[in-house]
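Number of protein chains: 2
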Amino acid sequence: MQKVNLNDKLSQFHDYWNPRIAGELNGQHVKLVKFKGEFVWHKHDHEDEMFFVVKGKFQMEFRDKTIELNEGEFLIVPKGVEHRPVAEEEVSVMLFEPASTLNTGDQKGELTKENLEKI
Amino acid sequence: MQKVNLNDKLSQFHDYWNPRIAGELNGQHVKLVKFKGEFVWHKHDHEDEMFFVVKGKFQMEFRDKTIELNEGEFLIVPKGVEHRPVAEEEVSVMLFEPASTLNTGDQKGELTKENLEKI
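Protein chains in written order, with the numbering used here: chain A, 219 to 337; chain B, 219 to 337.
Keep in mind the hints are simulated off the structure, nothing from the lab.
Hints may be right or wrong, so weigh each one.
Which copy? The list can't say, so a pair holds if one copy fits it or any two copies do.
The calculated PhoX-like cross-link candidates involving lysine-lysine, where the alpha carbons are at most 25 Å apart (straight line), are [stated by the list, open to error]: (1) Lys221 / Lys254; (2) Lys326 / Lys273; (3) Lys273 / Lys227; (4) Lys254 / Lys227; (5) Lys227 / Lys275; (6) Lys221 / Lys273; (7) Lys227 / Lys261; (8) Lys283 / Lys221; (9) Lys227 / Lys283; (10) Lys261 / Lys221; (11) Lys283 / Lys254; (12) Lys221 / Lys297.
Start from the sequences, fold in the hints, and give me the full structure.
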């Protein structure tokens with residue numbers, strides 16, 4: 219059992235859209251990820267997904283609206299809802315979601331990351 | 219679907235050891251709570267529990283060691299492990315745990331909070 223310092227972990231990687239596993243509990247993963255630019259539209263058919271902004275800000279686009287998320291804010295995207303994160307500048311995000319969750323959801327492609335690294 | 223600003227929510231209550239539900243996903247709750255003083259020794263037989271420090275710091279006591287948690291750090295306490303949070307000064311904490319989790323675990327008593335408020 220060891221504590222996790224978010225800034226320490228976030229300093230260990232510099233690529234975008236590539237979540238790392240920072241913790242696991244009750245079948246859920248705590249992930250850390252950096253966003254910059256536009257991701258792909260996707261949804262998760264079976265998983266709700268939580269995004270918590272550790273540093274920076276980004277826009278979560280939905281088909282009918284956009285929600286800006288700033289440092290210290292979180293958003294839960296319910297299963298089945300199409301979304302696309304867009305970040306003008308680099309943003310550091312903590313995710314909380316079932317261990318089964320794939321980053322690109324139903325849109326498997328070149329942005330899909332499997333066998334995530336644990337940090 | 220609405221975003222949650224942690225500081226906004228934390229400004230809405232001032233009592234200690236009384237978690238509020240700030241979000242729900244995949245059968246898990248995201249809770250916000252303020253600690254000050256010493257809690258009761260307890261364990262959760264069926265739930266792992268995550269503590270993330272939003273503001274301040276506290277000590278998580280175990281039977282064989284103590285871990286200090288500072289702002290921006292989290293700790294996952296596995297099911298079955300006795301623990302006791304102790305905070306010299308007020309600390310604001312975000313919890314992730316199954317919706318079934320009782321704050322005092324196996325030590326039901328006057329500190330136990332049921333039917334938590336949603337904020």
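A quick look at each hint next to the structure:
{"no.": "1", "hint": "Lys221 / Lys254", "verdict": "between (27 Å within a copy, 20 Å between copies)"}
{"no.": "2", "hint": "Lys326 / Lys273", "verdict": "neither (28 Å within a copy, 38 Å between copies)"}
{"no.": "3", "hint": "Lys273 / Lys227", "verdict": "both (13 Å within a copy, 19 Å between copies)"}
{"no.": "4", "hint": "Lys254 / Lys227", "verdict": "within (18 Å within a copy, 28 Å between copies)"}
{"no.": "5", "hint": "Lys227 / Lys275", "verdict": "both (19 Å within a copy, 19 Å between copies)"}
{"no.": "6", "hint": "Lys221 / Lys273", "verdict": "both (19 Å within a copy, 16 Å between copies)"}
{"no.": "7", "hint": "Lys227 / Lys261", "verdict": "neither (27 Å within a copy, 28 Å between copies)"}
{"no.": "8", "hint": "Lys283 / Lys221", "verdict": "between (37 Å within a copy, 13 Å between copies)"}
{"no.": "9", "hint": "Lys227 / Lys283", "verdict": "between (32 Å within a copy, 23 Å between copies)"}
{"no.": "10", "hint": "Lys261 / Lys221", "verdict": "between (32 Å within a copy, 18 Å between copies)"}
{"no.": "11", "hint": "Lys283 / Lys254", "verdict": "within (20 Å within a copy, 40 Å between copies)"}
{"no.": "12", "hint": "Lys221 / Lys297", "verdict": "between (30 Å within a copy, 16 Å between copies)"}
Of the numbered hints listed earlier, those contradicted by the structure are 2 and 7.
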